[in-house]
Amino acid sequence: MASLPGSPSVRTPAPLVAIRGLSKSFGPVHANRNIDLDVLAGENHALLGENGAGKSTLVKMLYGLLQPSAGEILWQGRPVVLGSPEAARALGIGMVFQHFSLFENLTVSENIALVLPPERQSRLDARIGGLSERYGLKLEPARPVWSLSAGERQRIEIARVLLQDPKLMILDEPTSVLTPQESESLFAILDRLKAEGRALLYISHRLDDVRRLCDRATVLRAGRVVGTCDPRAETARSMAAQMVGAQIAEVSSRGGAVGAERFAADDLSLPAPGLHATALRGIHLSVRGGEVLGIAGVAGNGQDELFAALSGERLASDAGAIRIDGRPAGRDGITARRRRGAAFVPEERNGHAAVPGFALSDNLVLSRHATGEVSRGGFLRGAAARAIAREVVETFDVRAGAPDPAARTLSGGNLQKFVVGREILREPGVLVINQPTWGVDALAGAAIHQAILDLAGRGSAVVVISQDLDELFRLCDRLCVIHDGTLSPATATAETDRDDVGLRMAGTVPSPPAGTEVASAPVHAH
Amino acid sequence: MRIELQPRLNPPRWLGFAAPVAAVAVALLIGGVIVANLGKSPLDAFLVYFVDPLTQDWSLEALAVKASPLVLIATGLCFCFRANLWNIGAEGQFVAGGACGGALALATHGADHAGPLGGSWILPAMLLLGILGGAAYALIPAVLRVALGVNEILSSLMLVYVAGLGLDYLVRGPWRDPAGFNFPVSVNFDPDATLPTLIDGASLHAGVLVTLLVVVGAALVFSRTMFGYEIRCVGAAPRAARFAGFDEKRLTLLVFALSGGLAGLAGVMEVSGQIGQLQPSISPGYGFTAIIVAYLGRLQPMGVLVAGLVLALTYVGGEGAQIALKLPLDVTKAFQGILLVCVLGADVVTRYRVRIVGRVMA
Chain A
1 MASLPGSPSV
11 RTPAPLVAIR
21 GLSKSFGPVH
31 ANRNIDLDVL
41 AGENHALLGE
51 NGAGKSTLVK
61 MLYGLLQPSA
71 GEILWQGRPV
81 VLGSPEAARA
91 LGIGMVFQHF
101 SLFENLTVSE
111 NIALVLPPER
121 QSRLDARIGG
131 LSERYGLKLE
141 PARPVWSLSA
151 GERQRIEIAR
161 VLLQDPKLMI
171 LDEPTSVLTP
181 QESESLFAIL
191 DRLKAEGRAL
201 LYISHRLDDV
211 RRLCDRATVL
221 RAGRVVGTCD
231 PRAETARSMA
241 AQMVGAQIAE
251 VSSRGGAVGA
261 ERFAADDLSL
271 PAPGLHATAL
281 RGIHLSVRGG
291 EVLGIAGVAG
301 NGQDELFAAL
311 SGERLASDAG
321 AIRIDGRPAG
331 RDGITARRRR
341 GAAFVPEERN
351 GHAAVPGFAL
361 SDNLVLSRHA
371 TGEVSRGGFL
381 RGAAARAIAR
391 EVVETFDVRA
401 GAPDPAARTL
411 SGGNLQKFVV
421 GREILREPGV
431 LVINQPTWGV
441 DALAGAAIHQ
451 AILDLAGRGS
461 AVVVISQDLD
471 ELFRLCDRLC
481 VIHDGTLSPA
491 TATAETDRDD
501 VGLRMAGTVP
511 SPPAGTEVAS
521 APVHAH
Chain B
1 MRIELQPRLN
11 PPRWLGFAAP
21 VAAVAVALLI
31 GGVIVANLGK
41 SPLDAFLVYF
51 VDPLTQDWSL
61 EALAVKASPL
71 VLIATGLCFC
81 FRANLWNIGA
91 EGQFVAGGAC
101 GGALALATHG
111 ADHAGPLGGS
121 WILPAMLLLG
131 ILGGAAYALI
141 PAVLRVALGV
151 NEILSSLMLV
161 YVAGLGLDYL
171 VRGPWRDPAG
181 FNFPVSVNFD
191 PDATLPTLID
201 GASLHAGVLV
211 TLLVVVGAAL
221 VFSRTMFGYE
231 IRCVGAAPRA
241 ARFAGFDEKR
251 LTLLVFALSG
261 GLAGLAGVME
271 VSGQIGQLQP
281 SISPGYGFTA
291 IIVAYLGRLQ
301 PMGVLVAGLV
311 LALTYVGGEG
321 AQIALKLPLD
331 VTKAFQGILL
341 VCVLGADVVT
351 RYRVRIVGRV
361 MA
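Here the protein sequences come in this chain order: A and B. At position 54 of the first sequence the residue is numbered 54 (the numbering used here), and the sequence of numbers has no breaks. At position 50 of the second sequence the residue is numbered 50 (the numbering used here), and the sequence of numbers has no breaks.
A portion of the hints provided could be inaccurate.
[What the hints assert, rightly or not] Just so you have them, the derived chain B footprint on chain A, three or more residues with Cβ under 8 Å:
1) 364 to 374
2) 377 to 387
[What the hints assert, rightly or not] Chain A is nowhere near these chain B residues, computed Cβ spacing over 10 Å in every case:
3) Q6
4) L170
5) W175
6) L198
7) G228
8) A236
9) A244
10) I338
For the record, the hints were derived by calculation from the structure and aren't laboratory data. Treat the numbers as computed from the prediction; the structure is a model and nothing was measured. From the three backbone atoms N, C-alpha and C, an ideal C-beta is built for every residue, glycine too.
Based on the provided sequences and hints, a complete structural model is requested.
If you want it as structure tokens, here you go:
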């Protein structure tokens with residue numbers, strides 16, 4: 001560590017962290033350019049930006065995971081070089097990652113002990129108990145991790161960081177896997193941290209959360225700082241416009257009539273495909289032509305298993321468990337279901353919806369080989385595939401650098417537009433789509449939403465599985481909630497609200513009077 | 001200090017061709033050091049291994065005859081390897097094919113050409129039996145994998161030794177030539193059971209043409225058919241292949257049967273066109289060398305054709321080196337292994353940018 005004396009000559013205290021002219025490039029790609037950013041002690045500072053704006057790169061440099069190409073980081077006024085996460089932690093910088101790094105088969109306290117210097121288990125358990133009193137961070141040290149919800153797992157990650165007594169905590173998209181109620185209890189914890197004078201660098205694309213929590217926000221776009229604002233003085237819409245650099249079109253709903261049932265699941269049950277996977281139990285759903293049905297739920301409650309069962313990647317044990325246009329399809333594979341007019345978009349773009357190393361025209365063949373003009377008599381028709389891929393690219397405004405590029409060279413938003421467009425251009429009678437705008441920039445997200453609504457407007461039945469409640473409320477006529485492999489009955493979107501759906505996501509059947517009782521591991525201050 | 005591998009998003013096209021060439025060059029350098037340490041001149045060795053075989057008619061023919069089984073087996077292996085399935089047992093499938101085809105030659109031995117057992121049907125039937133034998137033998141690890149989840153690398157490799165010892169037993173026992181002074185060899189095959197030569201009096205047999213046809217056919221399958229697309233897809237992204245509706249189990253069985261069938265065909269063409277009888281050992285490790293050929297050819301049938309000729313050169317040159325320089329055959333095998341390592345290394349450099357990063361202290 002460099003040991004220049006600080007500069008205490010200035011009367012205002014030096015910011016806890018000051019980033020000056022920081023740049024990072026990966027080959028020809030400039031992930032961060034000349035970033036300036038201050039975080040004061042006791043400040044909740046938001047870092048806003050679209051996917052690919054450079055937020056993760058910036059915080060990884062701050063946490064010692066990446067080395068800057070240029071620029072410097074000042075810690076309490078002194079320049080520091082953060083060569084590793086250990087060095088960052090030694091200064092007092094802690095980070096909670098979006099993706100948890102926990103061992104499923106170990107207990108809570110074992111998972112925490114792993115990242116700390118050795119100490120006696122009983123002492124550690126007492127310290128974990130202390131966190132609960134100080135911050136309302138409720139944890140049961142002896143519980144195995146596999147039995148915990150996403151919110152509880154996140155609390156382990158937070159406890160790991162807090163036990164190292166950080167001055168600055170970085171949180172990367174902490175609410176993306178939480179129900180609204182779990183988010184609220186997280187915010188309560190963060191409020192107490194702030195009251196202790198700890199600083200927070202908070203990355204999120206949920207602008208309402210940022211408005212609730214943060215004093216100041218720095219907006220990144222294409223690797224540069226484009227502005228700083230007070231989130232409370234802005235609207236979510238105005239901040240989104242800063243992030244995108246353009247106004248986002250309002251998605252307009254269609255006014256199509258609702259027709260006959262086109263797609264249904266009837267008492268669909270499937271055993272769990274693996275150790276920590278979810279079994280589907282007695283799923284009922286029914287979607288009519290012209291209708292969008294939403295399925296909300298916290299990640300890991302059976303969404304992937306449900307998608308596999310609806311698409312035919314996994315067959316049902318009984319033909320009647322799935323119906324397409326009134327006829328049984330439960331024993332039909334995904335190809336047969338496509339031939340009957342159904343189309344599917346899985347959550348994961350790379351390696352599931354598309355082969356990263358294949359050209360777009362080859363990726364078009366992936367889901368169209370049985371229904372389109374792209375194969376005949378066992379032979380590929382490359383020219384036809386290229387023509388249709390070009391049509392998808394043009395119709396859905398897929399921005400690609402080359403005429404027929406490899407899928408992996410496209411940004412997340414553009415690839416998602418391609419895989420959604422690939423299905424919608426076929427005019428499917430049924431569309432099942434899992435996390436349609438996950439990790440997609442706002443402009444592409446709006447385009448995808450519009451395409452889904454337009455498709456329903458033309459008489460197709462659409463099922464949207466999503467964790468994003470805003471998205472579901474924007475798109476869907478009716479909503480149901482998946483929890484632990486069971487699906488709640490659908491309610492009209494107009495007759496429900498976020499709190500109600502949030503409670504059902506946590507596995508609670510809400511009682512009719514707006515009670516205050518929350519059954520799922522409430523985080524009460526004791 | 002640490003080494004970082006950064007994936008290249010768009011590897012330049014020329015790199016795909018340059019990498020195998022560079023791999024061969026590096027392998028040659030290492031081979032030269034080894035030869036020098038054995039007290040021979042690396043330059044002489046280079047000439048004997050890689051230049052002399054190209055200068056004479058007979059050695060050019062020998063090159064084609066040695067390259068033929070390598071290319072045929074490696075083309076089959078492309079189907080497996082492209083699908084991310086590791087058939088390491090081509091050597092055993094080669095032996096199984098040779099034994100099955102050879103069994104027919106022995107069963108019809110001495111029959112009159114015009115008689116009920118003789119005739120020109122024998123050779124095609126032998127080739128067919130060779131294909132079926134190799135395919136059936138390759139299906140053992142494939143079925144074990146599909147039905148029970150047995151690792152195909154281990155099972156296919158171990159079956160190599162079962163096939164080799166099985167043939168050894170048959171040739172020493174039931175199939176031994178009664179008039180062969182107790183040598184462990186079968187009778188010589190009849191003309192009806194022998195592949196015709198392309199040039200009179202030469203060793204160049206018709207199997208070489210079959211190999212060329214198979215290479216062209218396989219190239220078309222990969223680039224133009226849904227089956228080829230399925231294989232590429234399953235290999236590149238199994239989950240996407242399931243999304244496409246491809247049946248991975250069916251494909252596993254198919255590619256193993258195909259690659260085993262081609263190895264079996266190579267085996268029967270070797271006994272019928274080259275050896276002319278069954279012996280305890282009918283392969284100088286073609287089935288293993290073909291793995292190197294497949295990789296050096298970048299798992300492309302046309303590339304395999306070129307790579308097969310390069311590796312055949314080491315076989316023909318290796319024989320020359322034993323005679324002219326008294327270098328043991330093991331040097332050839334070591335060189336083939338070095339070549340594989342270099343090819344795999346070149347593959348990494350093609351797909352990743354290698355950076356050495358100085359670690360900065362905090």
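- Item | Hints breached by this structure | 3, 7, 8, 9
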